[in-house]
Structure formats: structure tokens, C-alpha cells
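All residue numbers for the sequence shown refer to this note's numbering, where the first residue is 176 and numbers rise by one.
Derived by calculation from the structure, the hints in this document are not laboratory data.
Some clues are possibly wrong.
Quick list of simulated restraints, FRET-style, between CB atoms [to be verified]:
(1) Thr-660 <-> Gly-556: 49 to 57 Å
(2) Leu-560 <-> Thr-323: 27 to 35 Å
(3) Arg-312 <-> Pro-240: 47 to 55 Å
(4) Glu-191 <-> Glu-250: 15 to 23 Å
(5) Asp-284 <-> Gly-257: 47 to 55 Å
(6) Ala-215 <-> Arg-312: 18 to 26 Å
(7) Ser-503 <-> Thr-481: 28 to 36 Å
(8) Gly-367 <-> Gly-501: 37 to 45 Å
All residues carry an ideal CB built from backbone N, CA and C; glycine is no exception.
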Amino acid sequence: GWYRDSLFHRVATTRETDSMTVELEWTRDGRVRLRMLAPAEDSIQMSGAPGEELSLAGITLVPRPWREEMPRTVEVRVLPFGVALQRMEASIEPERTRREANVVALRYDHEDPGVARGVVEALSRGFVRLRAELFRRESGETVDSLRTVARDTRAELTAAEDAVVQLQRDVRLIAPEVQSEVFVERYGEILGELEEARLELRAIENLIDRVAAADDPASAWTELAAFPRFLEHQSVGLFLNRLTDLAARRTELATRRTQENREMRVLSRQIQDLDASLHSMATGYRAALREQIDGLEAKIAEMDATMASMPADAVELARRQREVEGLSRVLVETELRLRQEEIREALTFANVQVVDPPALRHRPVWPRKKLGAAVGLLLAGGLGLLGMVVRDRADQTVRREGQVREVLSVPVLAALVRGKRGVALSDPERRVLLKAADRGGSPGAPICIAGVGAGDDAEAVARSLAGQGEPGDGSPGAGTVREVTVLSRLVSPGDAEDLSDGRPTILVTAFARTALDELARAGARAREAGSALAGVVVVCRRDREREEVWS
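Assemble the whole structure, with the sequences as input and the hints as a guide.
Here it is in C-alpha cells:
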């Protein structure tokens with residue numbers, strides 16, 4: 176058929192154009208005549224050549240030349256912008272995952288391909304323009320918000336840094352760890368000096384007391400030279416040497432002179448002068464030691480007070496430093512984000528673009544065969560796996576050795592495959608069953624084979640086990656013939672009467688056919704009758720089932 180783009184080069188109206196109907200006629204002389212049909216018929220008309228622009232009451236048409244089979248007369252109906260938009264919205268099908276998504280699929284169905292393509296192109300341009308404007312607005316709002324956050328954070332950081340500086344000035348704490356180590360070392364040194372001064376004070380006081388009580392001051396003052404302070408002064412040594420010499424001369428002279436002798440009096444006066452000098456030096460040293468001790472004690476008290484407040488000050492300083500560090504990180508990240516947003520805003524990068532241009536549906540775009548096949552295979556595999564899991568969880572029959580242990584607390588002694596001739600035990604399997612029976616009951620005692628959902632298989636196992644004891648295999652009582660009884664079923668109490676003598680029982684079950692609750696009831700009946708369960712034999716139909724038993 177003939178549609179708009181096959182008849183016109185261009186059709187255009189304005190948003191102010193009212194509803195109207197016009198007629199376009201291609202005359203025989205090769206011209207085109209345009210006249211209005213509604214609202215006022217034949218009120219306005221005009222003509223022109225094909226390819227020329229014809230404008231009438233707000234509508235502009237550029238007709239194409241007439242061609243074979245092309246209609247001579249065409250009616251063009253114009254709708255107001257609001258009415259056309261309302262009707263068009265009902266035919267537009269947008270697909271968008273969420274409101275903020277930047278990927279939108281647009282679809283518009285119309286019998287005119289040019290109209291369909293034009294509508295989608297116009298919608299795409301409008302959406303891109305709208306989203307770009309929203310992006311610029313949101314980016315500007317983000318920049319303003321980040322600037323506010325950066326300004327507030329910078330002010331908080333400045334206040335926090337000032338608080339840290341003021342705290343360090345108040346408590347005189349710069350590097351807590353280093354200062355604490357040095358402080359403790361200094362505290363120990365001062366404490367050692369204090370103890371040393373106290374010891375010297377006690378020693379000098381004792382010396383002064385001994386000198387006062389001694390008859391011979393010369394011998395008593397000799398200890399004064401041992402003090403570290405007096406070791407540095409040679410005058411003390413000279414005084415002591417002089418005093419010792421005078422005391423020796425007086426002692427020597429006393430044997431030949433009386434106390435009234437002039438030489439004796441001179442020696443005694445010299446000894447008294449030296450004694451007074453040494454006493455003055457000792458008392459002065461004692462006073463100096465007392466002043467030193469008072470100063471050291473005051474220093475220790477001050478350091479004790481400082482040490483008492485140091486942990487709290489260090490904790491407070493660390494807290495404020497952490498606050499400064501946290502604000503610094505926040506400020507750096509905020510300023511980095513601000514720079515990114517400013518660059519983004521300056522570049523005015525539109526985050527919405529036309530990914531695929533509008534395309535007419537001349538061929539199906541969905542479903543995609545390869546993708547559909549892949550998705551189908553994945554779904555089929557997933558459903559199959561889910562079905563296997565559900566079947567395995569819902570299956571309550573004997574399948575694995577762990578199920579038997581969980582239900583009866585006994586092991587699976589053998590997993591037999593039923594062949595064409597039935598079920599038969601190999602030599603290793605017979606020995607395993609006989610040893611298990613001897614462990615469960617008295618060595619050599621009769622054995623009971625009970626079928627649980629596998630009566631015929633139980634009889635076959637019993638026949639295979641009855642005459643198959645190997646001498647010398649380590650099983651006490653296992654001879655060439657072993658008494659074996661068979662119970663085709665073990666469900667009711669009456670079925671377990673043959674077990675009252677305490678003989679060991681081996682249960683025979685069928686793979687995937689014997690229910691676990693049936694197996695549990697059979698085991699309970701055997702134990703109630705006084706029999707000891709030796710184990711379970713599982714009869715399978717194929718090797719794969721036997722492998723599953725031991726899996």
C-alpha cells in the first residue's frame with residue numbers, strides 16, 4: 176500500500192495547529208492542488224508543483240511526483256497536538272527495569288513505517304535530552320552538597336586540630352610513648368638519688384653521734400673520709416691526717432708530761448680546733464643532705480602527681496588525634512569526590528545515549544535461536560538435577576550403607592548382585608558373614624537369615640551360607656556345615672519365635688525396594704526376641720546399585 180513517506184517528502188505541523196482535514200490532488204497537468212475540506216470546505220485552496228512546499232493553515236506538505244498506480248487524491252487529517260499525543264501514548268511500549276535506569280527499550284506499532292520510525296526517534300531524542308538535563312541538575316546539586324560537606328568538615332578539622340594543640344600545651348604531652356619512657360627513667364634516677372641521700376644522711380648522723388660519744392675524736396673522725404663528698408676534697412684528708420698526728424704526739428707526750436704542761440695544752444687546743452672544724456664540716460654536710468632530700472621528695476611528689484594524670488592525658492590525646500585523623504580522611508575523600516563531580520559537570524557528559532537506532536520489524540528479533548537453545552539446555556539440566564535431588568530426598572528405601580547404620584546401628588556385610596542363577600555368596604563374602612555371626616552370638620551357634628522385603632533372596636543367601644565354613648579361617652566353630660535357618664519375613668512377633676534361643680540374625684534386604692521403616696521394625700522384632708543382629712545383606716539388581724550401596 177501507499178503510506179506517508181511514499182506520497183510526501185515531508186509533512187509538518189506546529190503545536191498550535193487545530194483539527195482539520197485537507198485534500199491533496201495530483202492533476203493531469205502535473206501539478207498538485209491543496210484545498211481544505213474541514214472545518215470550512217473549499218474555503219482555502221492552493222496549488223504547486225511536486226517537490227514544492229505547500230502550506231495551509233499551519234500544515235506544511237511537500238508532495239512527491241505522481242507515479243503509476245498512485246492515487247490521484249489523498250485526504251490528510253490533522254489532529255491537535257494534545258489529542259495526537261494522547262492516542263500515541265497508548266501505542267508506545269517502553270521497557271525499563273527501574274525508574275533510574277539509563278537503558279530503555281521503546282516500541283511503537285503503526286501501519287506507516289515512517290511514522291513508527293519517526294515516533295521512536297523523537298522519543299529517543301526527548302528521553303536523552305531529559306535524562307541529560309536531569310543528570311546535569313543532579314550533578315550540580317551533588318557538587319553543591321559536596322562543597323558544603325567539605326566546608327563543614329574543614330571547619331571541624333580545624334577546631335579538632337586546635338583542641339589537640341591546646342591539650343598538648345596544657346599537659347605538655349607531645350609524644351606519649353617516648354615521653355613516658357623518658358619520664359619513667361628520670362623518675363627512677365631521682366628515686367635512686369633520694370635513697371642514696373637518705374643513706375648518706377643516716378650515715379653522717381650516726382658518725383656525728385659516735386664522735387660526740389667517743390673519748391678520742393681522732394679515731395672517730397676517720398670514717399668521715401669514706402663519704403663520697405669528702406673523697407673529692409683533699410682538705411678533709413689533711414685535717415684527718417693532722418688530727419691523727421696530733422693525737423699520736425699527745426699520747427706519746429702524755430707518758431712524759433702532765434696535762435698542765437704547756438706543750439700538752441697546745442696539742443690539746445690544736446686537736447680541739449681540728450675537731451671543731453671537722454664537726455662543722457659534718458654538720459654542714461648533714462644540713463645540705465637534708466635540703467637535698469627535701470628537694471628530691473618534692474620532685475618525687477610532683478612526678479607522682481604527673482604520673483597519675485599521664486594515662487588519662489594520653490588517652491584523651493589519642494582520642495583527639497584519632498578524631499583529627501578521621502576528619503582528615505573524610506575531608507580528603509570529600510574533596511576527591513568533589514573534584515570528580517566538578518570535572519564531570521564541566522565535561523557535561525551525558526550518561527544516556529542511543530544504543531541501537533530505531534529499526535523496523537521486517538524480521539523477528541526474538542526469540543534468538545542460539546540463546547534460546549542455550550537457556551533451554553540450562554533449564555533442562557537444572558530441572559533434571561532438581562528432580563534427582565527431590566527424588567533422592569523423598570526416597571525412603573534402602574540405598575546406602577550409611578542408612579542401614581543410622582537405622583539399625585549395624586554394618587552392611589555384603590552387597591550382592593542377583594545374577595541369572597539367583598543370589599550366591601563368594602568365599603570372601605561367606606567368611607565375612609560367618610565372622611560377623613560369631614561376633615554377634617556364640618561361636619558356632621546356628622545362624623538365622625531373615626528376609627525383609629526379599630524372602631526369596633533370603634533363602635538363596637541361607638542355602639549359600641549353610642554348607643560353606645572353611646576350616647582354619649579363624650572363625651571358631653566354622654566347619655564345613657553350619658546350621659542356618661530362614662525366615663522369609665520378620666514383621667510380627669510370631670515371626671521371631673525361632674530367635675528366642677539368642678542365635679545371631681542376618682537381615683537380607685532388596686536395594687531400593689525395602690523401606691527403611693520396615694527394616695527398622697524387623698530389627699526391633701529380632702532384638703525383642705533376644706537375637707543379636709550381626710549385620711545386613713543388600714541384594715542389588717546391577718553393579719551400579721552395588722556401587723551406590725558403598726558410596
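A quick look at each hint next to the structure:
no., hint, result
1, Thr-660 <-> Gly-556: 49 to 57 Å, "51 Å, holds"
2, Leu-560 <-> Thr-323: 27 to 35 Å, "55 Å, violated"
3, Arg-312 <-> Pro-240: 47 to 55 Å, "49 Å, holds"
4, Glu-191 <-> Glu-250: 15 to 23 Å, "22 Å, holds"
5, Asp-284 <-> Gly-257: 47 to 55 Å, "21 Å, violated"
6, Ala-215 <-> Arg-312: 18 to 26 Å, "47 Å, violated"
7, Ser-503 <-> Thr-481: 28 to 36 Å, "30 Å, holds"
8, Gly-367 <-> Gly-501: 37 to 45 Å, "43 Å, holds"
Consistency note: the structure conflicts with the earlier hints numbered 2, 5 and 6.
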